[in-house]
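Single-letter residue listing:
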Amino acid sequence: MTLSRPLGLGLAFAALALLYALPAIAPRAVVQDLFGILTLLVLAMNWNMLAGFAGLVSVGQQAFVGIGAYAMFAAIILMGLDPLVGVLIGGVAAAVFAIPMAFFAFRLNGAYFAIGTWVVADIARLGISQWKALGGGTGTSLPKGTAKEMAFVEQIKALLDVSSAAAADALTYWLMLSLAVAMLVAAYVFLRSRMGLGLQAIRDNENAARSVGVDPVKLKALVFLLTAFGTGLCGALAFIQITRVTPDAAFSVIDWTAFVIFITVIGGIGTLPGPIVGVIVFYALQRALADYGTIYLIVLGCLGIAVMLFARRGLWGMFTDRTGLDLLPLTHRPPRLAALQPKPARSTV
Amino acid sequence: MMLIDTLAQGLLLGGLYALFAAGLSLVFGIMRLVNLAHGDLIILAAYLILTIATVTGLHPFLAVVLAAPVMFALGWLLQTHLLNRVLGTDILPPLLVTFGLSVVIQNGLLSGFTADSQKLTAGSIEAASVSLGFVTLGVMPLLTFASAVAVVFALNQLFYRTALGRAFRATSDDQVTAQLMGIRPQNIFAIATGIALVVATIAALYLGTRANFDPSIGPARLLYAFEAVIIGGLGSLWGTLAGGIVIGMAQAVGASINPEWQILSGHIAFVIVLLFRPRGLFPRAND
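Protein sequences appear in the order of chains C and U.
First residue of the first sequence: 1, per my numbering; consecutive thereafter.
First residue of the second sequence: 1, per my numbering; consecutive thereafter.
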């Protein structure tokens, strides 16, 4: 059973409208908080595509965040471009980096792929640390006022009647929100497409999928490149907000990969709404345990382990199993017999 | 002359990496399990040795003897109650469970022992060295390397000369048939993980006496260990030793050119070996 389509779509649009209107009605701290949540959501959706649908368990996503961030910084500091152009360059740079990375990591099967990507991310971190123009190992900051001078900030400032800094926050927030929406729609359309069907067929049984003409390497490489692009964009955008970049922060395996893995696993790996559920749980936990420091990560780790032991499809999987409700179903109904038969010629009476 | 010295130091450092990797290689060979928490388990063992040495006043080399059975029991419990439940054709659950375990151990150590770096003090032996005419080698690195060779030799003996080893190999080759012969794979796996953690404890001893350690350095050790296993070829223990030596030498050569390049050169050596020999230097079987 699925939720009736008009009702579901209506609810989704209402929620989305509220999220887009937020910078006009909510305090700046809320916008900044939500920006952080959306960053993790975009990263989690990308990782979910890789691990949950393409079967590529990468522990090297921080490579794309870091490369995206550094390419954006290079575009601003070394080339004097607008930060928004820098974000786009960040995405492209991450996708370009993904080509040799895929060439290497795809030689390792299964579990070894995870370590291979981790090593490549570490190579990227150590390599970038040698880039003296961007501060080497100690990193560098964006020139003062860069965010305020971004394109469109003036117009937003006038529109919302707020300070330049708040307008810059609103802009990056809207971009991240749009990126999240675009990712969700793109993932849905892709997975419902012929290629997406092939991808899920590979995940379920690679040999059977090959026997009906699906090319696993080509499809997986495509997903790897596309998610690298998405992760790079997200990383670059996130670091406009952070304004300071260091190799250790930009290539942090905990911040950009471990959190993302737990969010996806807890929410429901291999389901589209999973990362959304996961990021809400993650944020609630973070709020509840903020005063306990490391306990928070221990709880998160234990929760991830418990989900893998007792409910492999996460909270969302549990919810759909119990209720039969699925907001973004990826199943295809079997073709009806009538549709296969040639249409009867229209009788002319 | 400098080069010979650098290579000799690299060779001995390789012994340490081989010790990191031997337990991993054993577990992978028997149950195809990739344990992402291996590095953190080594650090956990180092803290265990430290605690025993501090509480009882024992020398670290004796504290290991007490720590090893504890780690064996931990490995047994871990495998029986956690990892056996997620082993299967799907690679995702074991990967994610061990990744979760890694984060839990790291932060558990952090809250128990703080982020301050610690060291195991072994006394005068730390500074002792022997001169071989053209190079001078530290006694501790030599001891590390000798232990690595001894561990690999012992594991090989266990694997190919004992009834337990036969059970290991049988389970690795064909789990269902092994079961028909009265072997319980679950038990075999638990013993294997126990042994892997005993090796990890030996590795922890040399890690802790060689340099400072803190709760955050586990993942980097995991990467070196994996590089050694993959370079050596999956399932070959002598190969793992060779892989450790390749990483150790590459790091030593890199560090002698520019200290910042130490880790990077190890990684690059790994990438190069894999590009030319995708299945490692000494692949055992077609996995």
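In case anyone wonders, no lab produced these hints; they're calculated from the structure.
Owing to the predicted nature of the structure, the values given are computational and were not obtained by experimental measurement.
We treat Cβ as the ideally placed atom computed from N, Cα and C, and that holds for glycine.
Check the hints yourself; a few may be wrong.
To spell it out: a stretch of chain C is covered by chain U in this simulated footprint if at least three of its residues, at any positions, have a beta carbon under 8 Å from a beta carbon of chain U; those stretches are [what the hints assert, rightly or not]: (1) 49 to 63; (2) 103 to 111; (3) 296 to 303.
Not close to chain C: a few residues of chain U, all C-beta gaps over 10 Å, as computed [stated by the list, open to error]: (4) L7; (5) R32; (6) L36; (7) I52; (8) L66; (9) V103; (10) Q106; (11) N107; (12) L110; (13) A128; (14) M181; (15) Q186; (16) L222.
Sample of chain U residues at the chain C side, in silico, Cβ under 7 Å [claimed, not checked]: (17) L87; (18) P93; (19) G100; (20) S111; (21) R184.
Hints, one by one, checked against the model:
Here the segment 49 to 63 of chain C counts 4 residues with a CB under 8 Å from a CB of chain U, which clears the bar of 3, and the coverage holds. Only residues whose C-beta sits within less than 8 Å of a C-beta in chain U count toward coverage, and the segment 103 to 111 of chain C has 5 of them, enough to reach three; the restraint holds. Judged by the Cβ-Cβ criterion of 8 Å, the segment 296 to 303 of chain C is covered by chain U as claimed, because 5 of its residues qualify and three suffice. Distance check on U:L7: its Cβ is at least 22 Å (rounded) from any Cβ of chain C, clearing the 10 Å threshold; non-interface status holds.
Separation of U:R32 from chain C is inadequate, the least Cβ-Cβ distance of about 8 Å not exceeding the 10 Å criterion. Non-interface status of U:L36 relative to chain C is broken: a Cβ of that chain comes within 10 Å, the nearest being about 7 Å off. With a least beta-carbon separation of about 23 Å from chain C, U:I52 lies farther than 10 Å from that chain, consistent with its non-interface assignment. For U:L66, the non-interface assignment is confirmed: its Cβ lies about 26 Å from the closest Cβ of chain C, beyond the 10 Å cut-off.
The claim that U:V103 lies off the interface is violated: its Cβ sits roughly 4 Å from the closest Cβ of chain C, which falls inside the 10 Å cut-off. Not every beta carbon of chain C lies more than 10 Å from that of U:Q106, the smallest distance being close to 8 Å; the non-interface claim is violated. With a cut of 10 Å on Cβ distances, U:N107 falls inside the contact zone with chain C, its closest approach being about 4 Å. Distance check on U:L110: its Cβ comes as close as 5 Å (rounded) to a Cβ of chain C, failing to clear the 10 Å threshold; non-interface status is violated.
Every CB of chain C lies more than 10 Å from the CB of U:A128, the least distance being 33 Å, so the non-interface label holds. Against the 10 Å criterion, U:M181 stays outside the reach of chain C, whose nearest CB is about 28 Å from its own CB. Even its closest Cβ contact with chain C, about 16 Å, leaves U:Q186 beyond 10 Å, as expected for a residue assigned away from the interface. Interface exclusion of U:L222 from chain C breaks down, the closest Cβ pair being 8 Å apart, not more than 10 Å.
For U:L87, the suggested interface contact is broken, since its CB lies about 12 Å from the closest CB of chain C, more than 7 Å. A hinted interface residue such as U:P93 counts as satisfied when its beta carbon comes closer than 7 Å to some beta carbon of chain C; here the least separation is about 5 Å, so the hint holds. Hint status for U:G100 relative to chain C: holds, with the closest Cβ pair at about 4 Å, below 7 Å. At about 4 Å, the closest approach between the beta carbon of U:S111 and any beta carbon in chain C falls short of 7 Å, and the interface hint on this residue holds.
With its C-beta approaching chain C no nearer than about 21 Å, U:R184 sits outside the 7 Å limit, and its interface hint is violated.
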